Amino acid sequence: MSGKISTGDESKSPRVVVQDITSSTRSNSPIDPFGTAGSKMSNRRTMYYFEGPRDTQKHSKLPLFMRLHGGILPRMILPLVFVGCWATAVTLVHKYVSDIGVDTVLLVVLGFVVAFAVSFRSSTAYERYSEGRRYWSQLTFTSRNLGRLVWINMLERTDEEDSERKMKDLLGKITAINLIVAFSIALKHRLRFEPAIDYPDLQYLVAPITSTTIASHADQSKLKHKKPSTMKQVGEYLGLTFAHSNPRKLIKRSEDNLGNLPHEILAHLSAYFEKAMATKQIVGCHKFFWNDVRTMADILTGAERILNTPLPLAYTISIAQITWMYIMVLPFQLIRKLGFVTIPATMLAAYIILGLAMIGQEIENPFGNDVNDLPLESYCNEIADDLDVLISTPMNEYANYPEASSNIPLYPLSYQTTAEWTRQSEDDVRALLKAKARKAHARKMEAAEAEEV
Numbered sequence: 001m002s003g004k005i006s007t008g009d010e011s012k013s014p015r016v017v018v019q020d021i022t023s024s025t026r027s028n029s030p031i032d033p034f035g036t037a038g039s040k041m042s043n044r045r046t047m048y049y050f051e052g053p054r055d056t057q058k059h060s061k062l063p064l065f066m067r068l069h070g071g072i073l074p075r076m077i078l079p080l081v082f083v084g085c086w087a088t089a090v091t092l093v094h095k096y097v098s099d100i101g102v103d104t105v106l107l108v109v110l111g112f113v114v115a116f117a118v119s120f121r122s123s124t125a126y127e128r129y130s131e132g133r134r135y136w137s138q139l140t141f142t143s144r145n146l147g148r149l150v151w152i153n154m155l156e157r158t159d160e161e162d163s164e165r166k167m168k169d170l171l172g173k174i175t176a177i178n179l180i181v182a183f184s185i186a187l188k189h190r191l192r193f194e195p196a197i198d199y200p201d202l203q204y205l206v207a208p209i210t211s212t213t214i215a216s217h218a219d220q221s222k223l224k225h226k227k228p229s230t231m232k233q234v235g236e237y238l239g240l241t242f243a244h245s246n247p248r249k250l251i252k253r254s255e256d257n258l259g260n261l262p263h264e265i266l267a268h269l270s271a272y273f274e275k276a277m278a279t280k281q282i283v284g285c286h287k288f289f290w291n292d293v294r295t296m297a298d299i300l301t302g303a304e305r306i307l308n309t310p311l312p313l314a315y316t317i318s319i320a321q322i323t324w325m326y327i328m329v330l331p332f333q334l335i336r337k338l339g340f341v342t343i344p345a346t347m348l349a350a351y352i353i354l355g356l357a358m359i360g361q362e363i364e365n366p367f368g369n370d371v372n373d374l375p376l377e378s379y380c381n382e383i384a385d386d387l388d389v390l391i392s393t394p395m396n397e398y399a400n401y402p403e404a405s406s407n408i409p410l411y412p413l414s415y416q417t418t419a420e421w422t423r424q425s426e427d428d429v430r431a432l433l434k435a436k437a438r439k440a441h442a443r444k445m446e447a448a449e450a451e452e453v
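With the first letter of the sequence shown counted as 1, position 440 gets the number 440 in UniProt numbering; the numbers rise by one all the way through.
Be aware that a few hints might be false.
Taking lysine-lysine and the PhoX-like style, the derived pairs with C-alpha atoms no more than 20 angstroms apart in a straight line are [to be verified]:
1) 275 x 168
2) 275 x 287
3) 434 x 444
4) 168 x 280
5) 249 x 275
6) 95 x 337
Distance ranges between label pairs, derived from CB positions [unchecked claim]:
7) 241 x 133: 25 to 31 angstroms
8) 446 x 411: 30 to 36 angstroms
9) 157 x 446: 51 to 57 angstroms
10) 164 x 131: 45 to 51 angstroms
11) 278 x 407: 35 to 41 angstroms
12) 270 x 140: 16 to 22 angstroms
13) 164 x 229: 53 to 59 angstroms
It should be emphasised that the hints constitute simulated quantities derived from the structure, not laboratory data. In this text the structure is predicted, and so the values were computed from the model without any measurement. All residues carry an ideal CB built from backbone N, CA and C; glycine is no exception.
When you get a sec, could you build the whole thing from the sequences and use the hints?
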């Protein structure tokens with residue numbers, strides 16, 4: 001078996017190369033097939049305490065108001081410093097130069113407008129976040145269902161004279177299930193504008209279809225994020241807008257057609273199911289396979305709609321301008337009554353208003369790498385783990401549970417096993433079933449009488 005599979009000319013720019021994990025050169029190297037290593041972008045971001053997505057499996061015993069992880073404090077530092085300086089300048093001018101205070105009626109009028117704007121921003125952002133989560137829940141359900149159909153309802157031809165064909169059927173089903181897992185991982189990378197296909201959590205799963213995918217013919221070295229400079233890292237950490245790069249820049253700068261890998265995976269699954277129907281591996285339940293493939297295509301389209309349809313720019317700009325105008329005018333309205341307390345009061349108000357606005361901005365795209373974005377890696381790993389458990393048991397063993405020696409079918413009225421009941425008459429079984437129903441009704445009546453007492 002060759003040491004690598006290449007889809008491009010070795011003399012040209014580097015293309016997709018899939019190493020053979022069974023070769024001796026890889027025998028001592030641990031393989032991470034399901035993304036615990038992740039892409040370079042994920043590795044870079046998980047280095048920071050305030051970067052994410054947050055690991056939902058971890059638990060903190062600190063009260064909520066004392067927690068920093070998951071908060072927006074780093075991005076609030078510079079805005080609060082600016083607001084504090086501004087409030088200090090207004091206070092000093094008012095105390096030592098001239099009375100520049102205004103009537104507080106403006107506070108009430110503008111406060112209502114700001115509250116409405118921030119509420120609108122937060123509600124629309126959370127609606128997108130919630131819709132994104134629903135799509136990934138639906139993907140988890142569909143992946144489990146389609147994997148179960150492939151493993152249980154797709155037949156393995158049992159020809160004693162041709163054991164190789166039976167083995168090909170088995171390996172074909174395993175490969176199809178790998179592609180189901182690959183779909184979720186490819187969707188994750190697509191939603192994060194990571195167009196390469198040789199990420200550690202993806203390349204081995206799509207190895208069988210690598211030669212037919214469009215992105216495999218692109219120079220993969222140009223489809224990876226470069227390591228940012230220290231200044232850029234600090235700027236991103238503090239939320240400076242000029243430090244953030246366009247997340248689509250790798251796709252925009254690519255000279256090659258990068259295709260749509262999740263959609264290409266669905267095309268290969270559809271072709272495999274069509275072939276399975278032609279060879280009588282799928283009999284009678286073919287519509288369930290097509291329904292699940294169609295649902296996965298709908299999930300892909302819906303997730304792309306959320307990603308590519310943000311809140312209209314006019315709303316975003318207007319809400320930002322309204323909130324900052326209110327904060328800038330706030331010291332003039334507080335100075336006469338609060339004096340030097342105006343400085344911390346203004347900073348506190350800014351923390352509340354700008355904090356809510358920034359939360360809305362962060363979760364507007366729920367598929368990114370911010371702390372509060374959806375933990376897509378966890379969802380992908382959950383799908384992979386569930387399907388691994390599914391295929392760990394042979395198909396025929398799932399149907400043998402009624403004859404299991406531990407089966408007590410008429411519990412709690414009888415502790416006899418299936419083997420013991422097979423030696424008795426059908427009338428005895430049905431009589432006990434009627435007794436079981438009467439006992440269940442009597443138990444309900446007793447519970448109702450106990451509640452009345």
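A quick look at each hint next to the structure:
A distance of roughly 13 angstroms separates the Cα atoms of residue 275 and residue 168; the hinted pair therefore holds under the 20 angstroms criterion. Restraint check: the Cα-Cα separation between residue 275 and residue 287 comes to about 14 angstroms, which is no more than 20 angstroms; the hinted pair holds. At roughly 16 angstroms between alpha-carbon atoms, residue 434 and residue 444 fall within 20 angstroms of each other, so this suggested pair holds. Pair hint residue 168 plus residue 280 holds up; C-alpha atoms about 15 angstroms apart against a cutoff of 20 angstroms.
At roughly 39 angstroms between alpha-carbon atoms, residue 249 and residue 275 are farther apart than 20 angstroms, so this suggested pair is violated. A C-alpha spacing of about 12 angstroms is found between residue 95 and residue 337, which places the hinted pair at or below 20 angstroms, so the restraint holds. Taking the beta carbon of each, residue 241 and residue 133 are about 27 angstroms apart, inside 25 to 31 angstroms as hinted. For residue 446 and residue 411, the hinted distance range of 30 to 36 angstroms is not satisfied, since their beta carbons lie about 20 angstroms from each other.
For the pair residue 157 and residue 446, the supplied restraint of 51 to 57 angstroms holds, since their beta-carbon distance comes to about 55 angstroms. Between residue 164 and residue 131 the beta carbon distance is about 47 angstroms. The supplied range of 45 to 51 angstroms therefore holds. At roughly 38 angstroms, the beta carbons of residue 278 and residue 407 sit within the given window of 35 to 41 angstroms. Under the hint 16 to 22 angstroms, the C-beta atoms of residue 270 and residue 140, about 21 angstroms apart, fit the expected range.
Taking the beta carbon of each, residue 164 and residue 229 are about 56 angstroms apart, inside 53 to 59 angstroms as hinted.
Of the numbered hints stated above, those contradicted by the structure are hints 5, 8, listed in ascending order.
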